[in-house]
Every structure is written in structure tokens, then in C-alpha cells.
Amino acid sequence: MKLALAIGRKEFLGIVKTPMFFSLMSVCSLMWSYNFIRSLLLFAGRSMNNMTEAVSGYEYNIHYAVFAGHLDFVNFILVVLIPALTMKLVAEEKKKETLGLLLTSPVTSAEITVGKFIGGYFSGLVVLLISLMFPGLALFLGDFPIGPLASSYIGLLLVTGLYTAVGLFFSSLTESPIVAVILGVCANIVFWNLGKELQQMSSEWMVKVFEQISLGVHFTHFLKGGVALSSIVYLLSLTALFVYFAERVIESSRWR
Amino acid sequence: MITVKNLSKNYGERVAIENLNFEVKKGEVVGFLGPNGAGKSTTMKIVTGMLAASSGQVLVDGLDTFDHPLETKKKIGFLPEFPPLYEDMVVEDYLVYVAKLARVPEKNIAENVYMALEATSLLAVRGRYIPHLSKGFRQRVGISQALVSQPDILILDEPTVGLDPKQVSQIRELLLSFKGKYTVVLSTHILSEVQATCDRAIIIDQGRIIAEDSIENLQKNIMGKQQVFIKVLRNQDQVVADLKKMDLNMSVNKTADQIIVELPSGKEDLEQISSKIVQLNAGLVEFHVRSQMDLEQVFLQLTSKENPS
Ligand SMILES: Nc1ncnc2c1ncn2[C@@H]1O[C@H](COP(=O)(O)OP(=O)(O)OP(=O)(O)O)[C@@H](O)[C@H]1O
Ligand SMILES: [Mg+2]
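Line by line, the protein sequences give chains A and B. Position 131 of the first sequence, counted from 1, bears residue number 120 in the numbering used here, the numbering being contiguous throughout. Here the numbering used here = 1-based position in the second sequence + 19.
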């Protein structure tokens, strides 16, 4: 485990200490501030107009009117950004032939994979932390119950883990970081939209199954303030599954 | 220290190495010699656990590398064909990371890194970014990476490839300084390297071992021979018969127009042969001695025997 952490630390610094990461984070902050401030102002204007109504469901209103939009946007960015952060984790090592160092060191493939996952995940956490600045600031200025916001971030923590695992898996499949990004983004989008179309046309039980599979459905629960054990278990197992796949691929590179 | 038993590896249909058997004893410096594509790198990758063998077994210190990967990898420092350097790291940080991967205890890491930097004369560039280093220095970082865990065994795949002559001789000196401290296996297709640094050579071609001996023996048995090409105008058969009768350790063959004698190096035997022919009054017109094949010729001879193309 200590070794996995050492690998994780190296990978984390390798992702975060780059000009690319800084510029991506600046672009994200810019987009998020624009979107956040715009919806905040809109919301402020609307609650001025109907004061009476706003008092009763105040906390929900700001959550839905401002935070939910922001959180959806954050999630959308993560879908695209996390594969870009994780693209090099294994692909680059294959291309530059540095994977051999890991494979000939007294390290197990599991330690390598978990280490790389940790590195990728922590860089995702940096993104989440930046995204938290905006609702954090709003909370600092006004006094809202933080329940739904907290549950949403639990959801974001979980999906970030999943995106990282998926990104890591695709990075392990190829020598090309670009291919890894494209496959990772596609996979995330598929996970996200699974069932959306099918819900209309399939039978009752199919709808049920796809509701359980689709990320969108689970994430919406979190956005609404619910922390369902089933969602947590589902997202964690899916994450573990992809980390496991990545481990298998890394191990199999000995068996060419 | 290293025992390789019936080792084979196929890449799909392509056979890279076939039924290799050899042993490396503790403290030995062994040269793994062969032309391009002979299977040197493949063998080394299997011994270090980077690749799995198709069949056969590798024992390191009596432990099977397949059943005990962690224990055996701990004992080996490996410089692959392409040094595995991270382009976004400083030399010293890189070595610290490699030491961690090699499970060097936390308290020894600084010391080991210093030792590895010192051994490869890298102390002056320890703070530099790896991509800013010249090829020779990168190669040295590769070697110091193999040293940093203070392993018992060093496996170096073409440690001097692509370096200028000065750097080559520096690396060779470094290799010589390893004698007695490490068990070393180094691969190369340069013979002088083996002559300069190794106790023993394993010559491999097309995935098979075609010769294996100490440098001394190789020189004595194969290289220590000289060939004499003799042309006479008359009585060629008589000359051949008489030469064969002489009590010398040599082989005599004749072709249409010349006699080829192969015998151990030395001038006395040559004198006896020449005076014999002159005695016979056979009309000696040519007496051409090709002395001592060097390792280069042996190598060419050995590796072209099996491979007519
Ligand atoms: N990844 C691979 N896939 C398919 N064939 C391979 C692979 N790696 C090596 N080979 C083949 O295996 C054989 C042995 O290759 P190897 O790299 O071990 O040779 P080598 O002795 O190290 O040669 P060189 O002196 O050129 O480094 C060659 O015929 C090579 O083409
Ligand atoms: Mg090679």
C-alpha cells in the first residue's frame, strides 16, 4: 500500500505540475464563474419579484436554481476532463517504454494500478475542490442548509472515481494518450446516457434495469439530496471493476 | 546465481529464443553476445520478469522468478535497451522514486541514491531535468537506476549503445569497477566490449546458444589458431602426405591449387613446415600465414555457420 501511495504521488504530481493542468483549471474556473454568477443573479432577481413564495422553499430553490445547474456543469466537465487527466497514466509509459521499470521492480500489478488510480483520482479532487469554491462562496455570504449540496458532492466524488477508473482502463489499453481520451470520453457519455433513450421503447423490467445502470439516474438522486446506499455500492463496484480490468491489462503486458 | 533452464519464447508465430540453458555464478561478469535479433533483449526481459516465458524456467538464487517474482526482482537491477527515464523528473527525484519502487527502506534511500550518483559520476547533474541531459548522461542515469537498490545482480542490455568513443570507454571503466561487487550480465553485439569487461561470453544467434566459454578459452580454442595457405608448383600430394606425417598438432587440407594447414599459434611449427616443403623441392611459391583470428572473426564465423543467408 505504501508503494501504491508512492506511485500515486508521482502520478499526481505528473498530472498537476504541468502547464496544461493550470490552463485547463483556469478555463474551468472562468466557465464556472460565468455560469454560476449568471444563474445566481437570475435567481436573486426572481426571488425579489416573488418574495412570499420564495420564503417557503428557499433552500430548495437556490439549490435547484443555482447549485444544481453548476453541479451538472461540473459533472459535464468531469466527463471530458478526467479522461484527459488520466490519458497518460499507462499509455505514455508504454509509448516511452518506462512501463518496464514498473514491471521489473518488486511491485505487483495491483500496486501499480491502484497507485495510478490514486494519482488520477487526486488530480480529479483538485478539480472538484475548485468547483466547490463557487457554492462555497455563496454559502459563506448567505446561510443555507448544506444537505443537498453535501449529497451532491458525495455523488461527484463517486463519479469522479468512476471516470478515473474508466480513463485508467482505456489508458492501459493503448499506447496513444489521444486514443485513450477519446475512448474514455465516449465510455463516460455512454454510461451517462444509458437507458435515456431505451426507457421510452423498452418493456417495464428493461426500464428498471437501465435505471439501475444509468449514471444519470443515480447522480440525480444525489443532486436531489438523497444518499442511497444502492447508488454508492453501484458506483463503487463499477469503479472497482474498471480498476480491476486495468490491472488485468497491465499484468497481461508481460504475456505478449 | 542465475540459472536458465530450457527457456523458450515465441512472439506469436515468431520464435525469439529456443531452449536456452545457461548459468551465471556469483560474482561473474558474463557477456551476452549476439547479432541483431538474436534474442538477447528477450532473454534479459524474461530473466528480469518484464516478460513471461513461453516455456522453461529461470532461477535467481535458487528461487523461481515466476513463483517468487517480488523476492527475485529485489535482487536484480536492470538497464533495459531503452533506459526507462521519466521526462518530467529531476535526476535525483527519479532515483528516489526508483529506490522506492525497489522497496529500499526509507532510511537508506538517501544513501543509496548518493552511492548510485557517485558510481556513475552524476553528482554534478543530480538537480537537472532528465530531458536536458545528453545521450551519454541519460545512459548513465539508466545505469545508476539499476544500481540504486544495491542489487546483487546487474543486468545491462547494451549499456554502451549509441555513445561516443570517450563515453564508451568511461562506461567500460564503470563496468570494470563493478567486478567483484556485482554479478553482471551484459548484452552487446560489440566483441571488444566483451573482451574488455567480461570473464565469460555466451554467444547467441537466432535464439540459440552457439558457444559458451571463458574469454581465455575462446581465445585459446578458436581464436588461438592460425591458418597457413601454401601453394606449390610440383608434388602437391607428396607435400600433403609428408605434412600429415609430421608430428605436429595440426590439420592439413588441400584444395585444387592450395594446401590449408590449421595449427595453434607459434613460430616454431611454421619453421618446421616451411623447411619441410623446401626440402621436398616442391617449388614453393606461396606461404601465407593468417594469424590469430580475433574474436570478431570467431563471432562472424560462428554466427554465419548456422545462418547461410
Ligand atoms: N514485441 C515483439 N513482437 C514480435 N517479435 C519480437 C518482439 N520483440 C522482439 N521480437 C523478435 O524476437 C527476436 C529477438 O529479438 P530481441 O530484441 O531479443 O533481439 P536482440 O538480440 O536484443 O537484438 P538487438 O541486438 O537488435 O537488440 C527478433 O527476431 C525480433 O524481431
Ligand atoms: Mg536487444
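Hint data in this document are derived by calculation from the structure and do not stem from the laboratory. Hints may be right or wrong, so weigh each one.
[Stated by the list, open to error] Listed next, the stretches of chain A that the computed footprint assigns to chain B, with coverage defined by at least 3 CB atoms under 8 Å from CB atoms of chain B: (1) -9 to 4; (2) 76 to 90; (3) 95 to 101; (4) 137 to 143.
Glycine included, each C-beta is placed from N, C-alpha and C at the ideal position.
Worksheet item: the region 137 to 143 of chain A covered by chain B? Criterion: 3 or more residues, Cβ-Cβ distance below 8 Å.
Response: That given contact is violated, which follows from only 0 residues of the region 137 to 143 of chain A lying within Cβ reach (below 8 Å) of chain B.
Discussion item. Cut-off 8 Å, C-beta pairs, minimum 3 residues; does the coverage of the region -9 to 4 of chain A by chain B stand?
Written reply: Holds: 5 residues of the region -9 to 4 of chain A have a Cβ under 8 Å from chain B.
Worksheet item: Can the region 76 to 90 of chain A be counted as covered by chain B under the rule of three residues or more with Cβ-Cβ separation shorter than 8 Å?
Response: n = 6 at 8 Å, threshold three: holds.
Discussion item. Quick check: do three or more residues in the region 95 to 101 of chain A have a beta carbon closer than 8 Å to a beta carbon of chain B?
Written reply: Contact hint for the region 95 to 101 of chain A vs chain B: holds, 3 residues under 8 Å.
In this structure, the one hint that does not hold is number 4.
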